[in-house]
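Protein chains in written order, with this note's numbering: chain F, 1 to 116; chain L, 117 to 296; chain V, 297 to 401.
Be aware that one or more of the hints could be misleading.
A few chain L residues that don't get close to chain V, going by computed Cβ distances all over 10 Å [as the list claims (entries may be wrong)]:
| hint | residue |
| --- | --- |
| 1 | Phe164 |
| 2 | Lys210 |
| 3 | Val246 |
Among chain V residues calculated to face chain L with C-beta under 8 Å, some are [to be verified]:
| hint | residue |
| --- | --- |
| 4 | Ser316 |
| 5 | Gly317 |
| 6 | Asn326 |
| 7 | Ile328 |
| 8 | Val334 |
| 9 | Glu335 |
| 10 | Met337 |
| 11 | Ile378 |
| 12 | Ala379 |
| 13 | Ile380 |
| 14 | Asp395 |
Derived from the structure by calculation, the hints contain no laboratory data.
Treat the numbers as computed from the prediction; the structure is a model and nothing was measured.
Note that the Cβ used here is the ideal one computed from N, Cα and C, for glycine as well.
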Amino acid sequence: MTSGLLITFFITAIVLVAAGILAAWLLAPSSFNKQKSQPYECGIPTKGTSWMQFNVGYYLFALLFLIFDVETVFLFPWAVVMKTIGMTAFVEILIFFVIIVLGLAYAWKKQALKWQ
Amino acid sequence: MMSITFHQAVFYFFSAIIVIFSILTVTSKRILRAATFLLFVLLGTAAFYFILNYAFMGALQITLYAGGIVVLIIFSILLTSHVGERFEPIGWGKMIASALVSLIGAGFTLYVLLNADFIPTQAPLPDASVKNIGTALLSYERNGFVLPFEVVSLLLLAAIVGAIVIARKEPHDTENPNNE
Amino acid sequence: MWQDITLQDVLIVSTLMFFSGVYGFLTRRNLITMLMSVELMLNAVNINFVAFNYFLHPENMHGMFFALFVVVIAAAEASVAIAIIIGIYRRFKSINIEDVSNMKY
Numbered sequence: 001m002t003s004g005l006l007i008t009f010f011i012t013a014i015v016l017v018a019a020g021i022l023a024a025w026l027l028a029p030s031s032f033n034k035q036k037s038q039p040y041e042c043g044i045p046t047k048g049t050s051w052m053q054f055n056v057g058y059y060l061f062a063l064l065f066l067i068f069d070v071e072t073v074f075l076f077p078w079a080v081v082m083k084t085i086g087m088t089a090f091v092e093i094l095i096f097f098v099i100i101v102l103g104l105a106y107a108w109k110k111q112a113l114k115w116q
Numbered sequence: 117m118m119s120i121t122f123h124q125a126v127f128y129f130f131s132a133i134i135v136i137f138s139i140l141t142v143t144s145k146r147i148l149r150a151a152t153f154l155l156f157v158l159l160g161t162a163a164f165y166f167i168l169n170y171a172f173m174g175a176l177q178i179t180l181y182a183g184g185i186v187v188l189i190i191f192s193i194l195l196t197s198h199v200g201e202r203f204e205p206i207g208w209g210k211m212i213a214s215a216l217v218s219l220i221g222a223g224f225t226l227y228v229l230l231n232a233d234f235i236p237t238q239a240p241l242p243d244a245s246v247k248n249i250g251t252a253l254l255s256y257e258r259n260g261f262v263l264p265f266e267v268v269s270l271l272l273l274a275a276i277v278g279a280i281v282i283a284r285k286e287p288h289d290t291e292n293p294n295n296e
Numbered sequence: 297m298w299q300d301i302t303l304q305d306v307l308i309v310s311t312l313m314f315f316s317g318v319y320g321f322l323t324r325r326n327l328i329t330m331l332m333s334v335e336l337m338l339n340a341v342n343i344n345f346v347a348f349n350y351f352l353h354p355e356n357m358h359g360m361f362f363a364l365f366v367v368v369i370a371a372a373e374a375s376v377a378i379a380i381i382i383g384i385y386r387r388f389k390s391i392n393i394e395d396v397s398n399m400k401y
């Protein structure tokens, strides 16, 4: 029963996408010129290649994102059971939270959050 | 051999994805492609967790690995690589020796595990709902995980501080050396 | 559900994944790709934890919690490792391990 439904779901998904692509390919007039194959960005011609050296600021932001991503993942099961466990859960998450926010405070103090 | 069920077909599909893209990850000549193949492997692993009914684990795999670590790796590639850089080919001797080591290791492990006699459990399937996971995570009794839960926060604090100290040091010093 | 998949099937996949990680770790000369090989190996071990938990001892989900904390620790490890790689790149202008052998002696 369930697997039959799933198979129908996948077949429908594949057929719909394939029909869309096929229809676009059959119906659309095809033409080519050099302008069309250029990368498009707000109408301004792009400068240089897309492979440029990135600023280290990107890394610091990605790092902070990753750490708080972890925190969010742990907050989610906590939020589900907070009401049934009560005060204990609150104190536990408070300790967790304070320790991680210390890291954010350190990053702030060291001006890692300032774009330069 | 009997016909394959739908479950098995899904499982084999994701197994093929994982194996093919793992091999492509370690053999690809371009570093950004290797990172993309790694992303596919991680998504396949998440699919495995969903197949085994551990939905929270699969979601965690997608948010942390595919959404966090791969982004970090791609940023670091863009920070440290040059235009169109490719790896210089490795020597044949080294490649053959490494392949031999991995193949012997894989063969030995497969031999052991195919001959091992795993006793299938009679216990009911685990109820891996988020509610159960949260209860176990915050419990300080037997089978509770509150100590690792709190220690992980310390580890993450250490990771933030260490990464900022290492990655940020030099531009700060060169710009205004008497600020510290 | 899913009774038609055995423990061995899952373990074969994770073994192949682990040893492709080993191969990458031995052949790659670039620090970031070596880190990626290590991530492959960690993932294979995680699959093992979850599969053993599911098929052999499903009572308390210990294996799943172990895998959960391994993922979190892998996040911390990757962030520090990449910070070190960026530091090495600043110092040596290269992340090829053949160029970064000053500390060997």
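Structure-based check of all given hints:
With a minimum CB-CB distance of about 6 Å to chain V, L:Phe164 fails to clear the 10 Å threshold, and the non-interface call is violated. Taking the minimum C-beta to C-beta distance to chain V, about 7 Å, the non-interface status of L:Lys210 is violated against the 10 Å cut. Under the 10 Å C-beta cut-off, the non-interface status given to L:Val246 relative to chain V holds; the minimum distance is some 12 Å. Look at V:Ser316: its Cβ gets to within about 4 Å of chain L, closer than 8 Å, so that hint holds up.
Restraint check, V:Gly317 versus chain L: the minimum CB separation of about 7 Å is within 8 Å; hint holds. For V:Asn326, the suggested interface contact is upheld, since its CB lies about 7 Å from the closest CB of chain L, less than 8 Å. Look at V:Ile328: its Cβ gets to within about 6 Å of chain L, closer than 8 Å, so that hint holds up. Because the closest C-beta pair between V:Val334 and chain L is about 11 Å apart, greater than 8 Å, the hint is violated.
Annotation: interface hint on V:Glu335 holds; nearest CB of chain L at approximately 7 Å, less than 8 Å. The criterion of a C-beta within 8 Å of any C-beta in chain L is not met by V:Met337, whose closest approach is roughly 10 Å, and the hint is violated. Hint status for V:Ile378 relative to chain L: holds, with the closest Cβ pair at about 4 Å, below 8 Å. Taking 8 Å as the C-beta cut-off, the interface hint given for V:Ala379 holds, the closest approach to chain L being about 4 Å.
At a threshold of 8 Å, the smallest CB-CB gap from V:Ile380 to chain L is about 6 Å, leaving the interface hint in force. A least Cβ separation of about 12 Å between V:Asp395 and chain L goes past the 8 Å threshold, and the interface hint is therefore violated.
Of the hints listed earlier, those the structure fails to meet are numbers 1, 2, 8, 10 and 14, in rising order.
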